[in-house]
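From first to last, the protein sequence lines stand for chains A and B.
Going by the numbering used here, the first sequence opens with residue 1, and the numbers climb by one from there.
Going by the numbering used here, the second sequence opens with residue 1, and the numbers climb by one from there.
The hints are simulated quantities; they were obtained by calculation from the structure and are not laboratory data.
These figures come from a predicted structure and were not determined experimentally.
It is possible that part of the hints are untrue.
Simulated crosslink set (EDC-like; lysine to aspartate or glutamate; CA at most 16 Å straight-line) [said to hold, decoys possible]:
(1) K68(A) <-> D57(A)
(2) K103(B) <-> D56(A)
(3) K103(B) <-> E11(A)
(4) K69(B) <-> D95(B)
(5) K24(A) <-> E62(A)
(6) K49(B) <-> E66(B)
(7) K78(A) <-> D57(A)
(8) K78(A) <-> E11(A)
(9) K103(B) <-> E44(A)
Pairwise CB distance ranges (calculated) [what the hints assert, rightly or not]:
(10) M83(B) <-> M15(A): 13 to 23 Å
(11) A17(B) <-> E18(A): 25 to 35 Å
(12) T5(B) <-> N30(A): 23 to 33 Å
(13) P79(B) <-> G16(A): 44 to 54 Å
(14) T118(A) <-> S108(B): 14 to 24 Å
(15) E18(A) <-> R115(B): 44 to 54 Å
(16) S66(A) <-> A17(B): 40 to 50 Å
(17) E18(A) <-> S80(B): 47 to 57 Å
(18) S87(A) <-> H10(B): 16 to 26 Å
(19) Q45(B) <-> N71(A): 23 to 33 Å
(20) D57(A) <-> T5(B): 19 to 29 Å
(21) I5(A) <-> S84(B): 18 to 28 Å
Ideal placement from N, C-alpha and C gives every residue a C-beta, glycine not left out.
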Amino acid sequence: DAGVIQSPRHEVTEMGQEVTLRCKPISGHNSLFWYRQTMMRGLELLIYFNNNVPIDDSGMPEDRFSAKMPNASFSTLKIQPSEPRDSAVYFCASSAMAIGLAGGGANVLTFGAGSRLTVL
Amino acid sequence: AQSVTQLGSHVSVSEGALVLLRCNYSSSVPPYLFWYVQYPNQGLQLLLKYTSAATLVKGINGFEAEFKKSETSFHLTKPSAHMSDAAEYFCAVSDRRYSSASKIIFGSGTRLSIRP
Chain A
1 DAGVIQSPRH EVTEMGQEVT LRCKPISGHN SLFWYRQTMM RGLELLIYFN NNVPIDDSGM
61 PEDRFSAKMP NASFSTLKIQ PSEPRDSAVY FCASSAMAIG LAGGGANVLT FGAGSRLTVL
Chain B
1 AQSVTQLGSH VSVSEGALVL LRCNYSSSVP PYLFWYVQYP NQGLQLLLKY TSAATLVKGI
61 NGFEAEFKKS ETSFHLTKPS AHMSDAAEYF CAVSDRRYSS ASKIIFGSGT RLSIRP
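Pulled out of the complex, with its shape left as it was, chain A reads as follows:
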C-alpha cells in the first residue's frame, strides 16, 4: 500500500483565493481525520469522518473551512476565502476502526506527509 496520499505537498496562494487540499486514505480504512499543525497551536483536530460520514467538525475554525468525503477513497478540505492565518501544515490521517472489541477499538492513525499551505 502506498500509504495516505496528500496533494499538493506545497501550496502558495494569495489571500482571498480558494484552496483545496486532497487526501486518499489507505484502502480499507474506514475513518479519516484532518489535522492542522502550526508552531503556535500545535496539532489541532479539524474534523473526522467514519464510513464517509462527518462525526465531529467542532474543530473547524470557521465557515471558510469545509470538508467532504464523497467516497471511501477520497476526501477534500477546502478553504474559501483563504487568509494568511490559515498558513499551516495540514495532515490527513486514516485508520481502521476495530469494531466489535469490548470497549471499542483503538484508532491507530496512519498519517500522510502533509500539505504545507502558505497564504500571502
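Dock chain B against chain A, hints included.
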C-alpha cells in the same frame, strides 16, 4: 473532555543517556494512549499504544512507556539515546466508545535533541 499535557516543549540529552518524555492525561473514562514521532518534514508515525492489555508497553526503536493510573501518566522512555532519535514526540489520547470512531487528541509535542 479528554486531554494530554506534555511537560517540556524541548528536551536535550547526550547520546547514550536515558530519554524521558513526560505525558499526563485527563479522561473521565479509561483511555487509549499513544505516542507518535514526527521527523522533519514528515507526518506522524506510531511509536506505541496502550489499550489496557499491559501497563508497560514496548514500541519501536527501543522506546517503551508505562501507564500509571494513580499518577494519570504515560511517560515515554528509552534507556540509551541515539542520534537518530532526534525528532518531535507527541502523546495522544482517545476514549473507548464502542463501535464508533473516536477523537484522537494530541499533546503539544516535545522536541528531543541529542547531543554528541
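Status of each hint after checking the structure:
Pair hint K68(A) plus D57(A) holds up; C-alpha atoms about 11 Å apart against a cutoff of 16 Å. Under the criterion of a C-alpha separation no larger than 16 Å, the hint pairing K103(B) with D56(A) is consistent with the structure, at around 8 Å. For the suggested pair K103(B) and E11(A), the alpha carbons sit about 28 Å apart, so the restraint of at most 16 Å is broken. Between K69(B) and D95(B) the CA atoms are separated by roughly 15 Å; this keeps the pair inside 16 Å, and the hint holds.
The straight-line distance between the Cα atoms of K24(A) and E62(A) is roughly 24 Å, outside the 16 Å bound, and the hint therefore fails. This hinted pair checks out: K49(B) and E66(B) have alpha carbons roughly 10 Å apart, not beyond 16 Å. Taken as a hint, the K78(A) and D57(A) pair is honoured in the structure, with Cα atoms around 13 Å apart against an allowance of 16 Å. A C-alpha spacing of about 13 Å is found between K78(A) and E11(A), which places the hinted pair at or below 16 Å, so the restraint holds.
Among the hinted pairs, K103(B) with E44(A) is consistent with the structure: their alpha-carbon atoms are about 11 Å apart, no more than 16 Å. Here the CB-CB span from M83(B) to M15(A) is close to 41 Å, at odds with the stated 13 to 23 Å. Evaluation of the 25 to 35 Å hint for A17(B) and E18(A) yields a failure: the beta carbon distance comes to about 49 Å. For T5(B) paired with N30(A), a C-beta distance near 30 Å keeps the hint of 23 to 33 Å intact.
Taking 44 to 54 Å as the suggested C-beta distance range, the pair P79(B) and G16(A) conforms, at roughly 53 Å. A hinted range of 14 to 24 Å holds for the C-beta pair T118(A) and S108(B), which are about 23 Å apart. About 46 Å separates the C-beta atoms of E18(A) and R115(B), a value consistent with the hinted range of 44 to 54 Å. The hinted window of 40 to 50 Å between S66(A) and A17(B) holds, with their beta carbons roughly 47 Å apart.
For the pair E18(A) and S80(B), the beta carbons lie near 50 Å from each other, so the given range of 47 to 57 Å is met. Between S87(A) and H10(B) the beta carbons are some 23 Å apart, a value that agrees with the proposed interval 16 to 26 Å. For the pair Q45(B) and N71(A), the beta carbons lie near 27 Å from each other, so the given range of 23 to 33 Å is met. The supplied range of 19 to 29 Å is met by D57(A) and T5(B), whose beta-carbon atoms lie about 25 Å from each other.
Roughly 26 Å separates the CB atoms of I5(A) and S84(B), a value that falls within the hinted 18 to 28 Å.
In this structure, the earlier hints numbered 3, 5, 10, 11 are contradicted, and the remaining ones agree with it.
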